[in-house]
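4 protein chains.
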Amino acid sequence: MGIINGKKFIDRIDQMNSEIWVDGERIVGMLSEHPAFKGIIQTKASLYNLQNNPCHKDQMTYLSPETGDPIGLSYSQPKTIEDLKRRRKMFEIWARHTHGLMGRSPDYMNTVIMSFASSSAALLKGKENCFPENIIALYEKAKEHDLSFTHTFITPQINRSQYNFDSSKEPISAKVIDKNEQGIVIKGARLLATQGGITDEVLVYTAPKKFMDPDEAFAFSIPSNTKGLKFICRETFVGEESHFNHPLSSRYEEMDSIVVFDNVLVPWDRVFFYDNVEAAVDFMFHSSFHHFATHQVLTRQIVKTEFILGLAELLVETINVQEYQHIQEKLSEIIVGLETMKALLEKSENDAAFDEWGYMRPSLLPLQVATNIYPKIYPRFCEIIQLIGASGMVTLPSEKAFESEIGADLEQYLQGVNKTAVERVKLFRLAWDLTMSSFGTRQTQYERYFFGDPIQLASNLYKHYPFAEQVNKINNFLSSSE
Amino acid sequence: MGIINGKKFIDRIDQMNSEIWVDGERIVGMLSEHPAFKGIIQTKASLYNLQNNPCHKDQMTYLSPETGDPIGLSYSQPKTIEDLKRRRKMFEIWARHTHGLMGRSPDYMNTVIMSFASSSAALLKGKENCFPENIIALYEKAKEHDLSFTHTFITPQINRSQYNFDSSKEPISAKVIDKNEQGIVIKGARLLATQGGITDEVLVYTAPKKFMDPDEAFAFSIPSNTKGLKFICRETFVGEESHFNHPLSSRYEEMDSIVVFDNVLVPWDRVFFYDNVEAAVDFMFHSSFHHFATHQVLTRQIVKTEFILGLAELLVETINVQEYQHIQEKLSEIIVGLETMKALLEKSENDAAFDEWGYMRPSLLPLQVATNIYPKIYPRFCEIIQLIGASGMVTLPSEKAFESEIGADLEQYLQGVNKTAVERVKLFRLAWDLTMSSFGTRQTQYERYFFGDPIQLASNLYKHYPFAEQVNKINNFLSSSE
Amino acid sequence: MGIINGKKFIDRIDQMNSEIWVDGERIVGMLSEHPAFKGIIQTKASLYNLQNNPCHKDQMTYLSPETGDPIGLSYSQPKTIEDLKRRRKMFEIWARHTHGLMGRSPDYMNTVIMSFASSSAALLKGKENCFPENIIALYEKAKEHDLSFTHTFITPQINRSQYNFDSSKEPISAKVIDKNEQGIVIKGARLLATQGGITDEVLVYTAPKKFMDPDEAFAFSIPSNTKGLKFICRETFVGEESHFNHPLSSRYEEMDSIVVFDNVLVPWDRVFFYDNVEAAVDFMFHSSFHHFATHQVLTRQIVKTEFILGLAELLVETINVQEYQHIQEKLSEIIVGLETMKALLEKSENDAAFDEWGYMRPSLLPLQVATNIYPKIYPRFCEIIQLIGASGMVTLPSEKAFESEIGADLEQYLQGVNKTAVERVKLFRLAWDLTMSSFGTRQTQYERYFFGDPIQLASNLYKHYPFAEQVNKINNFLSSSE
Amino acid sequence: MGIINGKKFIDRIDQMNSEIWVDGERIVGMLSEHPAFKGIIQTKASLYNLQNNPCHKDQMTYLSPETGDPIGLSYSQPKTIEDLKRRRKMFEIWARHTHGLMGRSPDYMNTVIMSFASSSAALLKGKENCFPENIIALYEKAKEHDLSFTHTFITPQINRSQYNFDSSKEPISAKVIDKNEQGIVIKGARLLATQGGITDEVLVYTAPKKFMDPDEAFAFSIPSNTKGLKFICRETFVGEESHFNHPLSSRYEEMDSIVVFDNVLVPWDRVFFYDNVEAAVDFMFHSSFHHFATHQVLTRQIVKTEFILGLAELLVETINVQEYQHIQEKLSEIIVGLETMKALLEKSENDAAFDEWGYMRPSLLPLQVATNIYPKIYPRFCEIIQLIGASGMVTLPSEKAFESEIGADLEQYLQGVNKTAVERVKLFRLAWDLTMSSFGTRQTQYERYFFGDPIQLASNLYKHYPFAEQVNKINNFLSSSE
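Chains as they are written, first to last, in the UniProt record's numbering: chain U, 1 to 482; chain A, 1 to 482; chain W, 1 to 482; chain G, 1 to 482.
Treat the hints as calculated values from the structure; they're not laboratory data.
Note that CB positions come from ideal geometry on N, CA and C, so glycine has one too.
Just so you know, not all the hints are guaranteed correct.
Stated by the list, open to error - Derived pair list, reagent style DSS-like, types lysine-lysine, alpha-carbon separation capped at 25 Å:
id: 1; chain 1: W; residue 1: 38; chain 2: W; residue 2: 127
id: 2; chain 1: A; residue 1: 89; chain 2: W; residue 2: 473
id: 3; chain 1: A; residue 1: 419; chain 2: U; residue 2: 187
id: 4; chain 1: A; residue 1: 38; chain 2: A; residue 2: 8
id: 5; chain 1: W; residue 1: 473; chain 2: A; residue 2: 85
Unchecked claim - Using C-beta positions, here's what the derived DEER-type ranges look like:
id: 6; chain 1: W; residue 1: 468; chain 2: G; residue 2: 464; range: 53 to 63 Å
id: 7; chain 1: G; residue 1: 85; chain 2: U; residue 2: 212; range: 39 to 49 Å
id: 8; chain 1: U; residue 1: 464; chain 2: G; residue 2: 476; range: 41 to 51 Å
Using the sequences and the accompanying hints, generate a full structural model.
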């Protein structure tokens, strides 16, 4: 079958009838018509349409060797640097369509599934409770049916002390509480599945940590409508449907949900591994997950940064402040961030190397460096937008105001340099929705924590850096008499 | 008559029937019942009640020498340092009641009116088109009737180039377009009257600038329901009425409005001055406006910072992260900011001095220094809250969710260290509403720009600093042979 | 006897013949004529002269109740806030004389001795191995003879891991290795006695730490020429004697030394306590040491900051760059730092309170806040000087060059706005000596670490802050239904 | 002839007998034996030897098409990306030999001369007073004789106001004051020729500026011993000859000098252009000068950053502080800076393109971005070294101290984890010499201003950035109804 289009995606999601709770009520009826999901589902559908669009199809798909059907390129397993660069161009097309604002665009999760499959052999070597064949099977199914996914791996934030052990009687963090002939039984919760409930499948695993409980050492994927699986949503950040008033949240609000496992049975053929701490840790560190996933994420973040840069410059032109040195410095700060990210991404591709299973992985070091940079610069860029916008970020009359009797006043008093008041207000509402609305600030928090705790990222970069050569040089210099 | 209570305030506002536009519709009926205003009017009413409360009345009022009635202490004209300290304690009581979150609490504007009156003599000396007696008369009326005010002085942000001159045919920035026997006629707009429409009066003037048009060189105060005066509101940032879901915006969202003057007649007895650029500039720089207003503002900002510090620490305790050095550093950063602000405020009082009209002004330099600090630290403190809260800032189920069938799941999975899930979620919703909701980010922008463009604030601090003594010391040192 | 003058100080130091090593050689002959010490000893002598100067004597001394002799005011034990303010004015006079550049001016150590004496009762309550009477005796002697002191308390930086225990056979960090009838015997080293060797006495103790060895839990003071006591100096940072070329190091280079205890016998009447970990910890935390010492240090740092501000402004005027916004911002940054320090110091005095022994201590919190600020702003201010100076910080011909045949070229090509080349170069050499010479960078490191590890300072501020009230307010707000 | 070796270089420089003034005295005799120049000349000689070393000769030279002699590769005119990468490897070899600490290594100036020659056609098109053939001739001579160069282009820092015009009667900034049959006559000064006097030639031109005087619109190159040419040195920053005590300044102190033109006659065949403001501006902006020079500079700065990283890590290991999160963060900051610079440099090569004369230029944008980054991170990295070193940066006994009677004490008390005291002190002296000695701080200022005023760099990056595409995307988004 291969790639689907937007309609197929919507139909599939609407038919799943997964258990999704919003504001204390379980959603019944078409998910794609629910105000909290309508916009994002439409936008996601438009991405699926894009890969069917003759202008892009060649860049976004490849032909299945088995069936000859076109398959989404994000499922492709790269074997050359050229393959990596093709993948990146495909990421860019989808990212540009959504201006980098959809964190969980299909290519992200497809890439994750692809990386799991490509590294499944890491689980092979006679390891206990490991089923690499189930990863492969899922990957094949996903690519032939263009399945959509989310994943969930953060444990509830009860107590973040490093010396804390979960001692509650009833599970809080999701764990295996039983196993039987059909599979393993899961009870407990995971936090923050973005787009939870609006995908075909949920990939579930536990981020490795210091003292890992074997009951939490698992990974699997199940359909979103599996019995006992509940998605409890946060408050929606869709401002309202008007693109004028809420240009971003009306299109890109993805929703995050708490995922509750109420004695969920995971069939054996869906289990990748369980009760194996070593496998859990090892798989995360030796698989190509970080390489391929970060390759996609940075591509999206670069596109998003281009969007911010364009927005910043348009604000500057609209209120005519190009001449101020501090404005020039602020814009140059965004340029530096953008071009740095681009150079690091490109270096990761140029320094790519084969992994032990013959796949071409982008080099991790430049990617890691970028993941240390972006969580700091993204919030700063949002601040820069606010500092440029100044009082304009608060002077935000609505679409209806412009259409009403007082519209003429607004037209006169809110005009910009070479912009009508409508154009000007739309621009500032965009700046506001990106950086100051509930939607925008959630994006900031999302980018800040995408790769995990920033402090930990810095520690990891330090701990894994190959210092030997540089340190030797100093030692040699110190013992040299020249 | 003297001080009013909350009911009186609400009645008066409801009866004014000022022309206020929200989302394209003019408000009809009780303003105090409109969803966008209900919360803030209730909160403001509670402040008026507080000054009638026997526990606080002594600290919040003084007796009118003329009538013997209790008058709001914010109207008092300080003549001793002790008077200043009493005024500050009164500011604190109101600020604590609203946690520093109401920018335009009555004491702010009362203080502004008091400062205008105390400096009215600056306009006396035979200056053209100056009517200091009208300031005095307004001040007397305001204090005897406990009138509420807003002010508006920012010109529309059409073109911020320093070489730009307004050349539009129709006025954009509000100006005098005519004068007649009854008064002067104003046409054009002013930006961003906070609480515009929910006060008895609007004080209007123009912030001095480089190339000031005489038509803009005016100051006056008129009732909010003056004919031709329109308040066009931005989108409301009241999330909803639930204190659980939106603990701050449901209480403290003040609304900002564009103020349109549609050929508004300002009666002669309300005009302070007009068509006098020198007076406009001079009055702003030599009056006690900056001294007294900043004295109130910093007091409120200190209370707000205490609120942030308490919130930060409670978050830290709730997820048990006290042990991390970076957390300790972040909290210490807030402590340093808070204690610095307190020390500067106190110094401004201790260094207070008489002005030429016999009033005791707080010293400007420490106040100025604080106004250079706060616009930088407030946004940083909001960022610190977000960095402590991490994923908890996004895991935000609603009140109804807790009351529904899935409430039990939430209770189990969202509990904190020594907190129930309800308590924990309420806390994080508060952190979110303060720093990430549309209400919260508007507060950030408000504090950032309260005293004007931060770049300009730094320039002003430099330009007016008395360097001579320090520079002489260097010169002496350089020419010393010792 | 009471206060001494400069000559007396020099004579005393010259006669001590303490064991001081510079560049591998033990100093023989007059210390006051050694190139590494000449400048600082002269400068220190000028401070002693200042307290005999009729213009300042009243502000710098008080009369001994016992002898009627004038005593240095730094020895006075404050009992009122007014006493504190008098002490501060005295600190200022000395600090201004040296522009805040002498870290160990006599008032610093006199204040330390005074604080030890004022708190000696903390050791009274029947504690083992504690001799508070020896502290009192030393204090009496010091004030009657105007003794000069240094102190040393940092342990060698062998291994800074928090899990490290000194396991070397031979002592590295100084410890008690024996005791006998005459006293205790010390072997090992302490780091970084500033002015080590050029004072009458050395005060020795151990900064409290996590796992304190009882052998290190001591405090005492001994004459610098005690047998077995050696001061091993670092390289001198005196550039040369020319005030033109090296205006600061030729006057203020204080020297730091490693203090070696080679089986030094400390007589019983000089021991304050030993072999008592509890006393060591307790005395440091409950004595008034931090209060009074920090009060002096901040006063000096404020004077130093005034010097920096004057220097920065004079550079700005000399190359005529006042008009640049980024220059204005940089200067305003120094102003903000200076005024903040002043406000905090003043608040510490205004909030002073009696300790349990009846002495008036400045409030610790504002002092602590300032000690968290200064180590960050001082290096930044040095950077600002460099950023203003730009190429001028490198274009530094010498005094002799001006006096030579090519002097005329220099006069023509290095002139400034309203400055001759000589004046201009002297100014830039001053800026260089303050921020870029070995003398200057050592000052930076000195201010950065004066109060200890900056990370630890932040942790301490956090750990001892009284959060309860602020946290309660949040809890109350969250449970309020209003 | 082609490449020279170290001996040849020294002989040539010693024989020139250029007019160099140090501390008021003109140098007579062998320059290579003068204490201020001995170290740097030896080091430079070792670089020339390196290109004759069989291990490196292939990487560092190419064969002259005319003579078949080996020519320094820095003179090669790149025509492919591969050529650029070869050039970069050659830069690295020399930079590694000096740890990036020699700013004016021969390859830098050779590259400048090469870029001038490659772009000389920019002056061809019938422009007045332009002599591109002289550039070519000089280039040919330089490469065949391996000439060494410095350049000088900064005007004296008399008055940096943007509205200042040099109105002095006698020239201050060097200008053409006459022309005659032999050539043009120059009078006045230029600032800061690094290595001025120890090169065969001096390249002189004027950095383009807003209001350029035609008399200053020139470029030429002349031998360092040209009549009337004087180099007036700043104070030397060679600490002393001991590599132990001053490991860096004893080897790498380059000296900066003021260059005085005392009616210097520049022969016509050495003039590139004069009295042509348009040519002066145009040549700087359209030639490949910035491209090729920055390509070399960044390569050196990357090598220097590797040196800093190695040093930082070795300090960390020596005092055993790897476990601290703030240390890990500081080291990761250096890693991020280093890897970012590497990625940008590589991108500039991969994005290289032909210029209009057929040479392959590295892409300017990534280079520009790096030049905006390095002046900020280099000083920060020096600060990090100081923050890691803490008290160890001041505890610096000398080589002689170790060799003396008290050497045993030092050995005991200054040992490190797995380091003897000698090793440990040598390491800290290195850290000190790099970041805190007069040599080190001059390096900081040098890197900070290498590419000019950092504020201006940011403005330039902004002003030349191609925003159109990004801005259009925003406009399209705003007008989209999807």
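Task: Distance restraint hint 41 to 51 Å, applied to the beta-carbon atoms of residue 464 of chain U and residue 476 of chain G - done: 42 Å, holds
Open item on the list: Hinted pair, alpha-carbon criterion (25 Å max): residue 38 of chain W, residue 127 of chain W. Please report holds or violated.
Closed with: Violated, at roughly 44 Å.
Task: Hinted pair residue 38 of chain A and residue 8 of chain A, Cα distance within 25 Å - done: 15 Å, holds
- [ ] Kindly confirm whether 39 to 49 Å is satisfied by the beta carbon distance between residue 85 of chain G and residue 212 of chain U.
- [x] 46 Å, holds
- [ ] Measure nothing beyond the straight line between the CA atoms of residue 473 of chain W and residue 85 of chain A; if it is 25 Å or shorter, mark the hint as holding.
- [x] Roughly 23 Å separates the two Cα atoms, so the pair holds.
Task: Verdict for residue 468 of chain W, residue 464 of chain G (Cβ pair) under range 53 to 63 Å - done: 57 Å, holds
TODO: Assess, step by step, whether the Cα of residue 89 of chain A is no farther than 25 Å from the Cα of residue 473 of chain W, and give holds or violated.
DONE: 18 Å, holds
Task: Given hint residue 187 of chain U paired with residue 419 of chain A - CA-CA distance at most 25 Å - done: 22 Å, holds
In terms of the numbered hints stated before, the structure departs from hint 1 and from no other.
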